[in-house]
Amino acid sequence: MTKDSKLMIVLRGIIMENPILILVLGTCPTLATTTSVISAFSMGIAATVVLICSNVVISALRKVIPDVVRIPCYIVIIAAFVTVVQMLLQAYLPDIYEMLGVYLALIVVNCIILGRAEMYARKNSVLDSALDGIGMGIGFLLALILMATVREVFGNGSFAGLAIPFLQNYKISVLVQAPGGFFVYGAMIALMNLITAKQGGVKRKSFSCEGCPSSGHCQQSTACASAGAVKPTGDENHNEEA
Amino acid sequence: MRELILILMTGVLVNNYVLQQFLGICPFLGVSKRFDQASGMGIAVTFVMLCATAVTYPIYEYALKPAGLEYLQTIVFILVIAALVQFVEIMLKRFIPALYKSLGVYLPLITTNCAVLGVTINNITAGFNFLESMVSSLGVGLGFLLAMVLFAGVRSRIERSRAPKYFQGLPITLISASIVALAFYGFAGVVENILKV
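Chains as they are written, first to last, in the working numbering: chain A, 1 to 242; chain B, 1 to 197.
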């Protein structure tokens, strides 16, 4: 496998392997926190910070952590950083802490973070892992903001809390509610399919277990296989199967 | 008693974790292709949620709270859940092989299911007592099962229908999930009115 340049590692997370639009990881916070641009932005930043820190630590400890118990180790590392972020937000930005609520704690089980630890950080150097974290984090953040913009502008007639005069009279309020979340996400992925198809096509993995962080240990179990999932590649370079 | 029924029904219908709160989306989309798998996953999640609540509630109330260590909640809960899932798996394998065969395959997937961690944290945040927490977890679990089973039915139809080219696969699945979620909107207020709370 050829080594990518440093810039490529960052760019890959933002565009070609965008965690939300291409890899389809971390769907829960995506749907839940994109009701407003501000909450999407805070969620994106919080997750990015945790992702970069955990990627760095996991990569630094990759020779120390025994393979058999790696998942619990990763979870402890990630949970520690999530707790740090929680405490910082609670102390300095209590409004945002209230707004994100339970989803802040749930960064622990965010598929993106555990997924990157499993797929990338445990096989690559500290610097590369940090860059991967930055790229993936920015990709996550941008996709969240994009989706939140659509939902807030058309659903609530405002952008980042600022009312847009004309749209105030034509709110499609279902967009900021649960069904709208699924709908906008589906439409965005369809749009992404259209764009990537024109450029020769990035093959999206049929989504099932391979994105899920436990894919490592459920490789042996039959749940994934019988669900018709492609066997998780575990490769650092996911696009190779395209 | 009325309160308990209200908590239960809220979990099942009004506050459905998958369709209204977006928790546990990964298994909802990943394992809902076939009816038997969807129901197996739903039952396994309900079971783990009940076990997890039974363990995490006392830990929070009698260990973390008196010691002033509430901020360790996240890290302790996820570890307890991970250990618990492993434990349940081993126990089932050893003592009830038949049940292990039907549920065991889903257990590793549940460790990192955000709905399980979410329900234990929400129970604490809502200030429930032990019984209320258990009932709430049961409700949430049944709600998850209901959503999985309903959606498996919807999905078996989608698989056979012809979606527009770029909507095939994931996008059309999400859009049908959106319509199923819309249906659950009808339950808002119903439970409160029936029980006159």
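I should point out that these hints are in silico values taken from the structure, not numbers from a laboratory. Take the hints with a grain of salt, since some may be wrong.
[Claimed, not checked] Footprint (simulated), chain A over chain B, 3 or more residues, beta carbon under 8 angstroms: (1) 55–66; (2) 120–129; (3) 133–143; (4) 148–156; (5) 178–185.
C-beta atoms are modelled at their ideal positions from N, C-alpha and C, and glycine is treated no differently.
**Message:** For each hint given before, does the structure comply? Return the numbers of the non-compliant ones in rising order.
**Reply:** 1, 3 and 4
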